[in-house]
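Line by line, the protein sequences are chains A and B. Just so you know, we're using the numbering used here here: the first sequence kicks off at 9 and counts up by one. Just so you know, we're using the numbering used here here: the second sequence kicks off at 9 and counts up by one.
Do not take every clue at face value.
Same chains, same label: a pair holds when it works inside one copy or across any pair of copies.
Claimed, not checked - Derived lysine-lysine pairs resembling DSBU-like cross-links, with alpha carbons at most 35 Å apart:
#1 K140 <-> K202
#2 K108 <-> K338
#3 K167 <-> K318
#4 K233 <-> K49
#5 K102 <-> K167
For the record, the hints were derived by calculation from the structure and aren't laboratory data. Because the structure is a prediction, the values reported are computed rather than measured.
2 protein chains.
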Amino acid sequence: MKLQNDLFLRAARGEQIERYPVWLMRQAGRILPEYRAVRAKLSGFKELVETPAFASEVTIQPVDLLGVDAAIIFSDILVVPEAMGLTYEMIEQKGPWFEKTIRTREQLSFIDRNIDVYDRLSYVMEAIRITKRDLAGRVPLIGFAGAPWTILCYMVEGKGSKTFSESRKMLYTQPDLAHELLQEITDVTISYLKAQIEAGADALQLFDSWAGILGDDQYEEFGVKYIRQITEAISTVPFTVFSKGAIGSLPVLAKLPCTTLGIDWNMSMDVARSLVHETKTLQGNLDPCVLYGSNELIELETRKLLKSFKSQRHIVNLGHGVYPDIDPEKVKVFINTVKSYEI
Amino acid sequence: MKLQNDLFLRAARGEQIERYPVWLMRQAGRILPEYRAVRAKLSGFKELVETPAFASEVTIQPVDLLGVDAAIIFSDILVVPEAMGLTYEMIEQKGPWFEKTIRTREQLSFIDRNIDVYDRLSYVMEAIRITKRDLAGRVPLIGFAGAPWTILCYMVEGKGSKTFSESRKMLYTQPDLAHELLQEITDVTISYLKAQIEAGADALQLFDSWAGILGDDQYEEFGVKYIRQITEAISTVPFTVFSKGAIGSLPVLAKLPCTTLGIDWNMSMDVARSLVHETKTLQGNLDPCVLYGSNELIELETRKLLKSFKSQRHIVNLGHGVYPDIDPEKVKVFINTVKSYEI
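Build the full structure now, drawing on both the sequences and the hints.
Laid out in structure tokens, this is it:
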């Protein structure tokens, strides 16, 4: 089916656009009362992720309610470690918790090898198929996965962490084990993302949430190396790599065979562009806290961001996921400011 | 009293040194069994902070046990908000918790104005005096405080946070309130640091733990502006500014009238030096996770760091506080590698 609004895809590929496309990380989520209504019917976050009809419903909500230029499938990066054999719980107010963790070579046996992603993650592909049908070509649908380094962090720590020191410790004390685990995650992720494309995803994004806790050399060895494998294996759709906090690695990321790099709010778009040639699209990076401000402030800061763009190779987003207590009306001010801005 | 080992002070001032000085952030703390023994006798962390004899004892332990080239007074950056009227509890495994927070102009009344730091923080100055006496000139003693932005974060959030979104929200929605609060904190901090010098501190360090969560422009307006006031007001002793994670702000920090900039482990010392002229000493920045490695790895990584130095203007440290589960024997390997390295 031909897309009625393919601005997001054109901007990613560096094609001509009439205006900048805009969407928000975590747009399908707690900011919308309509999302909370669906969520309230269910036992928890994971039931929502694992039930295609509901996941699809909340995926489409921001397209209808906010007018974004792309949908992103409602899911969780942690479905991959779970498919690999490490089940997790999502504890309200606290975050994910894994019963089993991998810190030794023996514990690598917790990982199921040669898994079939079509089987274990069928619910994600089903959610993508339903969403594509119900979107009916209005906007593109983005699929996603966590980057291997971030997934390793959860497998090793078993939960969130301030320092991720157990994971970083492994890089020094058992680098071979880390590489073996990263390669396993990478192989599964490639299969998983290919399956998402087959199911209908028009574009992909890789989230490396904990990129910024490594020094640049280490991130290149244990992070970028595996992202490169993934982006080399998947070249048929626009692909965004979002390595949060990895400011110093931007020149290395700029050489990946992906179309788009996500930029967080800590770095000005000017500086980001000085490190990334016009052969890549940049996605981001309004500070999510701007949306706590008045409508005037939101318009002002959004226009400031737009004016800093030196070319058409931009997709507008926040520099981080939208915070759950943001008023959806404020999100609309942001979106409408982008939509009314003349290139 | 003349110092027997003033390497730290000379390196900070850019004077000739025979070898690089070395110390560790959080060197007085849980890594040492001798610290845990003192701590076990007391009701909690705060009793240790508030009892000069004990605070002094644990301050000196790493000088005796590890052989560091500087002591840093055992205290907490949160004694300043407490002195200003916001008491806090330190909850085991969780971190600090403030009953009262400041998010509105009305709540600014929770702050006591014109406080006397000699009165409210007398226990810190007493700990410094005892420590200076008992150090008997072996190594310099570093005093410290939190930078105003980081202190504001705790006053606004009331605890740690992943995003510090309430504090960042204030910068957009109530910038005048933020500036007023930052100025109050700055004024108290200047008095407090001057009192520390009078009590005997040979050098000072300002910790801006949450510098990295702001964009560069915002950090300059709400962070660096107040650090500048403090460094301008205090010029009699070597002064280190450690703005953790503020990679993009390093060129601005390099213009502050301080002697030393702290560098975290995410940035290579090469890149840091390319942004900071030889008129400043750089302090750091071994990844604290290296100390989980073998002795050989620690020596290798420490030597790699030392070899990257292009001048004598370096003080060796970790790029972050030492993690509590590190073996003190590993710390010694790090320290001895630095001490045996020929400039």
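Here is what the structure says about each hint:
1. K140 <-> K202: This pair counts as within: shortest intra-copy Cα distance 16 Å, inter-copy 65 Å.
2. K108 <-> K338: Between copies only: 29 Å across, 41 Å inside.
3. K167 <-> K318: The answer is neither: 40 Å in one copy and 40 Å across copies each exceed 35 Å.
4. K233 <-> K49: neither (42 Å within a copy, 49 Å between copies)
5. K102 <-> K167: both (9 Å within a copy, 15 Å between copies)
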